[in-house]
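Using the sequences and the hints given, assemble the complete structure.
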Amino acid sequence: MHAITIPEPGGPEALVWAEVPDPVAGEGEVLVEVAAAAVNRADVLQRQGHYEPPPGASPYPGLECSGRIVALGPGVSGWSVGDEVCALLSGGGYAEKVAVPVGQLLPVPEGVSLTVAASLPEAVATVWSNVFMVAHLRPGETLLVHGGASGIGTMATQLGKAVGARVAVTAGGPEKLARCAELGADVLIDYREQDFVEEVRAATDGAGADVILDIMGAKYLDRNVRALAVNGRLAVIGMQGGVKGELNLGALMAKRGAVTATTLRGRPGVEKAAIVAAVREHVWPLVGAGRVRPVVDRVVGMASAAEGHRVLEAGRHVGKVLLVV
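Residue numbering for the sequence shown follows the numbering used here, beginning at 239 and increasing consecutively.
Read the hints as simulated data drawn from the structure, not as lab findings. All the given hints hold, so there is nothing to weed out.
Below, computed lysine-lysine pairings styled on DSSO-like, alpha-carbon distance capped at 27 Å:
no., residue 1, residue 2
1, Lys-457, Lys-493
2, Lys-493, Lys-399
3, Lys-482, Lys-493
4, Lys-457, Lys-482
The structure is reproduced here in C-alpha cells:
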C-alpha cells in the first residue's frame with residue numbers, strides 16, 4: 239500500500255507519499271481500507287519531530303479515518319467485511335489501509351457521507367471525554383471554548399448547545415466568529431481585540447464559566463482560572479501556548495476549582511474503547527438527528543497531505559481539513 243511517511247522531521251514538505259508494507263489485522267482488530275482521514279494538530283507535531291507515536295502504534299500520522307472493512311482479525315465479532323466505518327486511531331490514518339482495534343470502531347452515522355465521517359472520531363471523542371466525562375458539563379451551565387472555529391471548537395459548541403448549556407467561544411476575527419454563531423455560540427469573543435476574562439464575566443453577570451475547554455495551555459492558564467466560576471472546571475487539552483505556566487493556587491482554591499489535563503492518543507485501548515462506546519451512545523443519535531453536524535473546511539488528496547498541513551498551520555480554516563485517498 240501507500241502511506242504518508244516522515245523520513246526526516248520538518249515542514250509540510252517532509253510528508254512523503256511512499257510505498258510501505260500492508261498492515262495486518264491482529265487479534266481483536268479489523269483491517270480498514272481508508273477512504274479519508276482528517277488533519278489534526280498532533281499530526282503537525284509528529285511531522286515536526288515533537289510527538290512520537292505510542293509504543294506499538296503505526297509510525298504514520300493520522301488519528302482518525304473513515305473507510306470500509308476489508309478483513310477481520312482473529313476474535314472479531316459484530317462487524318463484517320464491507321461495513322462502512324470511522325475509527326479513532328493511535329496513528330496510521332494517512333494511508334490506504336490501517337489496522338484498527340474493534341473497540342475504536344464506529345459505524346458511519348446516519349446522514350453522513352463516508353468521506354465526511356473521517357472528521358468525527360477524534361474531535362467527538364476528545365470533546366465528549368473532557369467536557370462531559372471529566373468536567374461533567376450540565377444543562378444551564380456556561381461552557382467557554384477556546385479556538386471555537388477549530389475542529390474541536392465547532393464540535394464542542396454544538397455538543398454544549400445540544401445538552402442545554404450556554405456556550406462562549408474565542409476565535410480570531412469576525413468571519414470565524416460568525417461561523418461560530420451559526421453553530422449556536424451565544425457569546426462571541428475576538429481574542430485579538432477582547433479580553434476573554436472580562437467578556438465571560440460580563441456575559442454571566444460576573445459569575446464566570448463553569449467549564450473551560452482550553453487548547454492553549456500555559457499562555458492562558460492564569461486567565462482561565464480568573465475566568466472560572468465558583469466550582470468551575472478547566473480542561474486543558476492542548477499546549478499551543480506553551481507547556482509551563484504559573485498557577486495561582488489561592489485563586490483556584492477560592493473558587494473551589496479544578497484543573498485537568500488529558501491526552502487521548504496514548505491512552506490504553508480499554509479507556510479508548512470506553513470513550514468510543516460513550517460517543518456511540520450519546521453523540522451518534524444527535525448526529526443522526528441532525529442536531530450535531532460535522533464541519534469540514536476543505537478536502538484535499540491524501541498524497542497532497544502537505545497542503546492540508548499548510549492550511550491547518552495558517553489557521554484560516556473553520557472545522558476540519560480532510561485527506562481523501
